[in-house]
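Undergrad: Read off the chains here:
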Amino acid sequence: MTRALGYSTQDNAADLYSNTSEIIAQVAAFERDIFRVAAAFTRNLVVQASSSFNSTNAAANRTVDLSAATPGVERIIRIQLGGVWVSLVDLEDVDAELPPRAYLLGSTLTEVASDWGASGVIALVIDYVVKPATLDPTSNMSQTITLPDEFADLLAIRLAHYLAIKDVGRDPAEAQELDTIYQTRLKSMLDALDHREGEARRRFLAPYIVPGGSE
Amino acid sequence: MSYTFGDVMRAARDRSTYFARSRIPGGPAARNASAIQRDLLMKGAQRAPDRFALTTTIAIQNPPQVGIAQTLPANLLVERVETDFLGGLPTPEKTRMIPVSRKYDYDQDRAVYLLNGSLYMTGQAADWANVTQLTVFYVPLPNDFAAETDAVTLPDDAKEALVSRLALTFALHVNGMPYDARNPTSQPIQVDVGSFQALAAEAEHAWLASIVTQVRQARTSNRNSLYMA
Chain V
647 MTRALGYSTQ
657 DNAADLYSNT
667 SEIIAQVAAF
677 ERDIFRVAAA
687 FTRNLVVQAS
697 SSFNSTNAAA
707 NRTVDLSAAT
717 PGVERIIRIQ
727 LGGVWVSLVD
737 LEDVDAELPP
747 RAYLLGSTLT
757 EVASDWGASG
767 VIALVIDYVV
777 KPATLDPTSN
787 MSQTITLPDE
797 FADLLAIRLA
807 HYLAIKDVGR
817 DPAEAQELDT
827 IYQTRLKSML
837 DALDHREGEA
847 RRRFLAPYIV
857 PGGSE
Chain Z
2 MSYTFGDVMR
12 AARDRSTYFA
22 RSRIPGGPAA
32 RNASAIQRDL
42 LMKGAQRAPD
52 RFALTTTIAI
62 QNPPQVGIAQ
72 TLPANLLVER
82 VETDFLGGLP
92 TPEKTRMIPV
102 SRKYDYDQDR
112 AVYLLNGSLY
122 MTGQAADWAN
132 VTQLTVFYVP
142 LPNDFAAETD
152 AVTLPDDAKE
162 ALVSRLALTF
172 ALHVNGMPYD
182 ARNPTSQPIQ
192 VDVGSFQALA
202 AEAEHAWLAS
212 IVTQVRQART
222 SNRNSLYMA
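Chains as they are written, first to last, in this note's numbering: chain V, 647 to 861; chain Z, 2 to 230.
Bound-form chain V, shown alone (with noise of 0.2 Å):
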């Protein structure tokens, strides 16, 4: 936050920012933003790997709730069940793909069938994009943000956008300078995320890349 007060200096009015569950909330919102958007358009910003989910105890039709996971699951990468990929398909299309499949209904992952084997608790071991971790905005503005350092700025850059908005009867053009400062940094930091594994090798076109964000 004091970041974000040095991109104006119409924003040290104490009643902006007074509020810290309000701005730990905002700050929390800011930041699901950008992993949205960084796990929609690369899978490198922070990826949980090979991480252990174990199934319910039954014979088919087995769930792994993926919501209590911790770091939270933003974007699942790839699932594997004893060194053999697990198919997501469509809850509609389940012959989309061959066994081991599987599909996604909320945070619930559920088994096609039997196709993870025999009966009991299956282990799933799930590579997958993270959520940032959980702001509390009951707590107190010493919790740490998830997003890397070196984009750290972007929060800030957000929460000025916010004060500007918030503080009425200032300058509209401010916010919008502040948003184009916030696209082209946020930019920055896909292009940054985008060229770090170099020139991947591909043998096919990606159909689609998700724009993401919930702003």
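Do not take every clue at face value.
Partial chain Z-side listing against chain V, Cβ under 10 Å, derived [unchecked claim]: (1) Thr5; (2) Phe6; (3) Asp8; (4) Ala21; (5) Arg22; (6) Gly28; (7) Pro29; (8) Ala31.
Interface residues of chain Z toward chain V, partial, derived using beta-carbon atoms under 10 Å [unchecked claim]: (9) Ser17; (10) Tyr19; (11) Ser23; (12) Pro26; (13) Gly27; (14) Ala30; (15) Arg32; (16) Pro143; (17) Asn144; (18) Ala147; (19) Glu149; (20) Thr150.
Residues from chain Z that keep clear of chain V, each with C-beta distances beyond 10 Å, as calculated [what the hints assert, rightly or not]: (21) Arg81; (22) Pro91; (23) Ile99; (24) Ala199.
Hints listed in this document are in silico derivations from the structure and should not be mistaken for laboratory results.
All residues carry an ideal CB built from backbone N, CA and C; glycine is no exception.
Given the coordinates of chain V, work out where chain Z should sit on it, guided by the hints.
TA: Below, chain Z without anything else, positioned relative to chain V:
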């Protein structure tokens, strides 16, 4: 080396940058490949059934199971049946295979006919005296592919034909599909289906021609032509 369905699918995907798994998942690929394998195997078997044949035996019981359905393994075709005699003598003889409509002509003689996938013996019990078993030569029905590790039933030299025909189904599948799946109005994918078709036809022809060539080169040493293709 024996190829797996995964080998074939990956080779077919290599034929175009549009054949990614996200556009053609493994399910349709497996079903298409299964149908193509059956088709190629049938065409190959029509030209040289011996090359693809397996055998199974039906033991003759006492009394012989005349008129009783004898279950056969799943097959594309039954090539021939041999009658094996007690003590191995005389040498196995080719069993007459008749259409079911002629079974009454063989009330007093040995023959077999096929009905609804099962084999039936004609004649009377005495006609099967000294017969120990029937050896059935058949071309097996390959199982549908259900996993990438499933072995391909076709011989290795058929891989190019199988891959090319699978690539043709991929081309038909993606041709006209929106480039961006989330934007149906985006530029449709345009694949030269005709070229895939030509390559598939060429590969299939080459494989079938090689079978025919091998048949022509085959030598037979059996005067009764029992083992001729």
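Undergrad: Does Pro91/Z really sit off the interface, with its C-beta more than 10 Å from all C-beta atoms of chain V?
TA: 51 Å, holds
Undergrad: Let me know if the C-beta of Thr150/Z comes in closer than 10 Å to any C-beta of chain V, holds or violated.
TA: 9 Å, holds
Undergrad: Decide, holds or violated, for the assertion that all CB atoms of chain V are farther than 10 Å from the CB of Ile99/Z.
TA: Label holds. Min Cβ-Cβ 42 Å, cutoff 10 Å.
Undergrad: At a threshold of 10 Å, is the proposed contact between Arg32/Z and chain V supported by beta-carbon distances?
TA: At about 8 Å, which falls below the 10 Å cut-off, the nearest Cβ of chain V leaves the hint on Arg32/Z intact, so it holds.
Undergrad: Have a go at the Tyr19/Z hint: is there a Cβ in chain V nearer than 10 Å to its own Cβ?
TA: Where the cut-off is 10 Å and the nearest Cβ of chain V is about 7 Å from Tyr19/Z, the hint holds.
Undergrad: Double-check Pro26/Z for me: the hint is only fine if its C-beta lies closer than 10 Å to a C-beta in chain V.
TA: 4 Å, holds
Undergrad: Was the hint right that Phe6/Z lines chain V, CB cutoff 10 Å?
TA: Hint on Phe6/Z: holds, closest Cβ of chain V at ~9 Å, below 10 Å.
Undergrad: Should the interface hint for Gly28/Z be scored as holding, given a Cβ-Cβ cut-off of 10 Å against chain V?
TA: With Cβ-Cβ at 5 Å, under 10 Å, it holds.
Undergrad: At a threshold of 10 Å, is the proposed contact between Ser17/Z and chain V supported by beta-carbon distances?
TA: Check passed: Cβ of Ser17/Z comes within 9 Å of chain V, closer than 10 Å.
Undergrad: Does the interface hint hold: is Ala21/Z within less than 10 Å of chain V, judged Cβ to Cβ?
TA: 4 Å, holds
Undergrad: Given Glu149/Z as an interface hint, is the shortest Cβ-Cβ distance to chain V below 10 Å?
TA: 7 Å, holds
Undergrad: May I ask you to check that Arg81/Z keeps its beta-carbon over 10 Å from the closest beta-carbon of chain V?
TA: Holds, since 36 Å exceeds 10 Å.
In summary, the structure is inconsistent with hints 1, 3, 16 and 17 from the numbered list given earlier, while agreeing with the others.
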